[in-house]
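Novice: Use these hints to put chain B onto chain A, whose structure you have.
These protein sequence lines map, in sequence, to chains A and B. Here our numbering is used: position 97 in the first sequence is 100, and no number is missing along the way. Here our numbering is used: position 340 in the second sequence is 467, and no number is missing along the way.
If you are wondering where the hints come from, they were derived from the structure by calculation, not from laboratory data. Fair warning: there could be bad hints in the mix.
Calculated cross-link-like contacts (lysine-lysine; reagent style DSBU-like; alpha-carbon spacing at most 30 angstroms) [to be verified]: (1) B/K188 - B/K391; (2) A/K186 - A/K198; (3) A/K84 - A/K198; (4) A/K78 - A/K234; (5) B/K224 - A/K186; (6) B/K228 - A/K160; (7) B/K335 - A/K186; (8) B/K373 - B/K347; (9) A/K78 - B/K391; (10) A/K142 - A/K12; (11) A/K234 - B/K261; (12) B/K225 - B/K154; (13) A/K29 - A/K234; (14) B/K163 - B/K261; (15) B/K154 - A/K161; (16) A/K190 - A/K12; (17) A/K198 - B/K154; (18) A/K142 - A/K186; (19) A/K234 - A/K245; (20) B/K228 - A/K190; (21) A/K190 - A/K29; (22) B/K225 - A/K186; (23) A/K12 - A/K116; (24) B/K335 - B/K485; (25) B/K154 - A/K160; (26) A/K160 - A/K84; (27) A/K245 - A/K29; (28) A/K142 - A/K105; (29) A/K114 - A/K89; (30) A/K160 - A/K116; (31) A/K105 - A/K161; (32) A/K186 - B/K280; (33) B/K228 - B/K261; (34) A/K105 - B/K280; (35) A/K161 - B/K228.
Covered by chain B, per the in silico footprint, the following chain A stretches (three or more residues, Cβ under 8 angstroms) [as the list claims (entries may be wrong)]: (36) 57-63; (37) 143-153; (38) 160-168; (39) 200-211.
Only a predicted model underlies this, so the values are computations on that prediction, with no experimental measurement involved. Built from N, CA and C at the ideal position, the CB exists for glycine as well.
Okay, here's what each chain looks like letter by letter:
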Amino acid sequence: MSRISNAFKKGKAFIAFLTAGDPDLKTTEELVFEMERAGADIVELGIPFSDPIAEGPVIQEADLRALASGTTTSKIFDMVKRIREKSKIPLVFLTYMNPVFKYGYDEFFAKCKEVGVDGIIIPDLPFEEQAEVHEFSGKHGIDLVPLVAPTSEDRIKKIAAAAEGYLYVVSSLGVTGIRSEIKTDLKSIIDVAKKTSKVPIAVGFGINTPEQAAKISRIADGVIVGSAIVKIIAENGRVSAKPVGEYVRGMKEAASEAFKPSIPAP
Amino acid sequence: MANGRFGIHGGQYIPETLMNEIQHLEKAYLHYKNDKDFNSELTALLNDYAGRPSLLYYAEKMSRDLGGAKIYLKREDLNHTGSHKINNVLGQVLLAKKMDKTRVIAETGAGQHGVACATAAALLGMECEIFMGKEDTERQKLNVYRMELLGAKVNVVTSGTQTLKDAVSETMRDWVSRVADTHYALGSVMGPHPFPMIVRDFQSVISKEARAQILEIEGKLPAAVIACVGGGSNAMGTFYHFLEDKSVRLIGCEAAGLGVDTEKHAATIAKGTLGIFHGMKSYFCQNSEGQIAPVYSISAGLDYPGIGPEHAHLHDTGRAEYAPVTDEEAVLAFEYLSRTEGIIPAIESAHAVSYAMKIAPSLPKTESIIICLSGRGDKDVAAIAKYRGVNLHE
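Okay, chain A solo, but in the shape it has when bound:
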């Protein structure tokens, strides 16, 4: 049983994203522990990229702050190693093709395995191009978490069938960022994905309120929140632990609420 699949065994999973090195790696390390204490089941660590085309302004700025503070892929691996000495929380990288390609696929995924990274999400790696990465992520046993989008339609089944770790369902068109309303018919996407997916299904992009988390967790196995957390870090810098912890606790509770019979099914 992998750390990722374990995380979905305890009920609905709350998956928290933050950009590694924003504002510095020491703060990121502290925040991972804080989010785990607050109930996060999986942490997605963004490896900052200079030009993240799938991100909205909040995460774009976090990436630039992280790069400005001297964050490198090697230093992130060192941080993961330190976290892994004390914690079993599943850690999933989120980054773009170029930093991974430049590090070298084989070296990158060997290092992931060595320090204890469980999976990776690469927004600019669609199904058709996966083979060149999967050869090495598979060799070292790192889950390649794919994304499906509201426009995926006939592609959902094949993407879901090949999914590892979990399937990342993009809630809305567009880039990452806080949205007041999610209009996509997520249930029908999830229903199609379930037919072929062997892994749990989590929904992300735009989710920021407890109400949204509760609603999503009624139809999905997990809820992914990124920009809302990154925004708190942007506002509080090195003293983000307390507000991030409080926010994650509230969101985790909301995601778990969905189990309680008092809330009628949608």
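Specialist: Using the frame of chain A, we list chain B on its own:
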């Protein structure tokens, strides 16, 4: 592996949200490419609206002055809107219309592609939005106003380095959020497949004409064809129909800015390394961590940290050569062509003129060189004046 490869380069490294759309685009393009009505409509637009075929002009004074090979200028600057960009844009906007799109979006650096796109959108009745880096909107104010006059909305991009690379990223972000009614009319032979193929095909009219024209005038092929390269659309269009003519040297001129040994350049082939960005595997100016480097050139149109995948492949195979040309060299060529031939070239095209000036004297007078004069220089006059210490108020 997806198709759309040029050797190891190319591919489709884009978010899942765009995959169905881009496959749909490829299918539509492959259909209309061979559609008689589409082609006659496009040819009519190119000839009757854009003013094709463009002249192949013998620069006699310049040739005499340099004392070597005969210099011919492929006058893309005489096209409607003043550059080669219109060739691609008329094709793509017409294609978008056939695909029932109602809105086109595009990135622009110098503003040439943005102006061409706004023009085609006005003519063909499409909504149009252009994304342009803040730095570029400041150095190309006239083009911003031109686009607005043509009815386009210009979005000022303030992310990243606020230049062409960020304009491309923002246009992709816009496309991801509104893909159903929108076509991204990418302006160069870059990005994910099928864009490098589509843009090359629409620009290949340059070499199709130039090859026939030079054979008619000179009775033989040129020794070399030379074009400037940012993403590489005018160069790819200029090279394409000469690819099989192995005796013809194909030379792309990259922006070396303040010099390839400084950090202020955009010379991707000279200084870049293999990477994956903006949907394609190709060469990019980047650091050892794979972070895309801020690039620099006096020319906003060449100020891009990557190069189209087909160029990367032509470099790998040695079929084409790529040479860096500095700001100073380009400005000298800009002034030289203006004085000698009475033609003010775009500062982008001046990079190609500069390299031709370098090699022409060493070639015999019986040989010829074709330079793609990709655009006209009116837009650059204020910037060149500033470079020379003259402050013009636009």
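Novice: For the pair we were handed, A/K105 and A/K161, check the Cα-Cα distance against 30 angstroms.
Specialist: Cα-Cα ~28 angstroms, so holds.
Novice: For a C-alpha distance cap of 30 angstroms, please report whether A/K78 and A/K234 respect it.
Specialist: Roughly 23 angstroms separates the two Cα atoms, so the pair holds.
Novice: Starting from A/K234, check that the Cα of B/K261 is at most 30 angstroms away, please.
Specialist: The hint holds at about 25 angstroms.
Novice: For A/K198 and B/K154, compute the direct alpha-carbon distance and say whether it is at most 30 angstroms.
Specialist: holds, 28 angstroms
Novice: Against the 30 angstroms threshold, does the CA-CA distance of B/K228 and B/K261 hold or violate the hint?
Specialist: holds, 28 angstroms
Novice: Keeping to a limit of 30 angstroms between CA atoms, is the pair of B/K373 and B/K347 held or broken?
Specialist: holds, 13 angstroms
Novice: So if I understand the rule, the pair passes when the alpha-carbon distance is 30 angstroms or less; does A/K142 with A/K186 pass?
Specialist: violated, 39 angstroms
Novice: Does B/K188 pair with B/K391 here, judged by a C-alpha cut-off of 30 angstroms?
Specialist: violated, 34 angstroms
Novice: Against the 30 angstroms threshold, does the CA-CA distance of A/K84 and A/K198 hold or violate the hint?
Specialist: Violated. A/K84 to A/K198 sits at ~37 angstroms, over the 30 angstroms cutoff.
Novice: Does A/K29 lie within 30 angstroms of A/K245 when you go C-alpha to C-alpha?
Specialist: This hinted pair holds, its Cα atoms lying about 15 angstroms apart.
Novice: Holds or violated: A/K160 with A/K116, Cα cutoff 30 angstroms?
Specialist: holds, 29 angstroms
Novice: A/K190 and A/K29 were given as a pair; does the straight-line alpha-carbon distance stay at or below 30 angstroms?
Specialist: violated, 39 angstroms
Hints 1, 3, 7, 14, 18, 21, 26, 34, 38, 39, counting from the list given before, are not met by this structure.
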